[in-house]
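**Student:** Sequence:
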Amino acid sequence: MATWGAADDVAGGTLGDVTVRNILRTSVGGRELRIRLSNAYGDQPLVLDSVYVGRHQGGAAVVAGSSRRLTFGGKTSVRIPAGAMAISDPLAGEVAARESLTVSLHVVGGTGVITAHNRAMQHSYKSVSGDHAADESATPFQTESSAWFFLNAAIVTTPRQVAAVATLGDSITSAVGTTIDQNRRWPDILANRLGDLPEHRRLGVVNEGISGNRVLDGVAKPGSAGASALARLDKDVLTKPGVRTVLLLEGINDIYGGATADRVIDGYRQLIARVHASGRCIVGGTLTPVGGSFVFTEEKEAVRQQVNEFVRSSGEFDGVVDFDAATRDPAEPTRLQAAYNGGDGLHPNDAGNLAMGNAADLDTLRCS
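Residue numbers (our numbering): -12 to 355.
Hints may be right or wrong, so weigh each one.
[Stated by the list, open to error] Simulated crosslink set (DSS-like; lysine-lysine; CA at most 30 Å straight-line):
| # | residue 1 | residue 2 |
| --- | --- | --- |
| 1 | K222 | K113 |
| 2 | K62 | K113 |
| 3 | K287 | K62 |
By construction, these hints were calculated from the structure, which means they are not laboratory data.
Build out the structure end to end from the sequences listed, making use of the hints.
**Tutor:** As structure tokens, then:
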């Protein structure tokens, strides 16, 4: 099952003869770690001749002696065609829950269009020229980035009853507004709660949010907000191993862009139908307040309220998480509580994400 995941998007520029060090945090533990790499939006083959995984020490450094080479079909290099993904061979041994890992990739030649996940709220690092994937020191990694590069999922073998929740959303799910490198996104908080359950009830979490994303419209290209939720559901969510439940929190950007409540709800219904057709459950999240932000108008607030009423009362979702109720100011319910405001009236801060991560009834997320 996927113990970590990210949604594919497009980064600007190109890479060549450079090592990228990504950092991820597992949700549940397991054995036989595999890493899934993506060239989904590439326009030419991606060639990696050195891929290593290790335990993260801090910054770009790897815990000494923890770095291990990944293979692909028994080979130490991999060529990923444009539009494709590749999964590494299983790595013997155990991976702990909530463990920070490094995944270091040496890119041979040039990349063309880069498949990445922007605004990750986690630093990655680029090296000086050359293959530094096996280097456990931070010294060669002199450039910070806020994107994950080519990294799509971390997969572990777990007891059969352990599955995953995929959170599908926008920048609020990506948790723009939280402290970078601290794993304070609301899906991280949710993962901590689910990971503390007895093994037979435990669930992992994969975060499939993309900043600026919409339910209805969107194209993956540099500077955009990714393919729409409707367009990327299969690739980003349903193909993640072990996903049993989808938790949807998306629609603010559609409303800001002029979509009516009926259009957003039609999009929700398509997502519900497709998730159900795949044999999974889908839980709806109410849209959080945006009063005082650049996206707020009285007309758009009325649309948000209509959409939230559908989520709460239609019965078409398999469950509901009321993020709106968890974050709104009781005195001014169109606004986030002041203590939860990340500064722009739209994105919750660390405290707001903590409230959101604690908002779900965990039994609601089990697809039974």
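**Student:** Hint by hint, where does the structure go against what was stated? Just the numbers, ascending.
**Tutor:** 3
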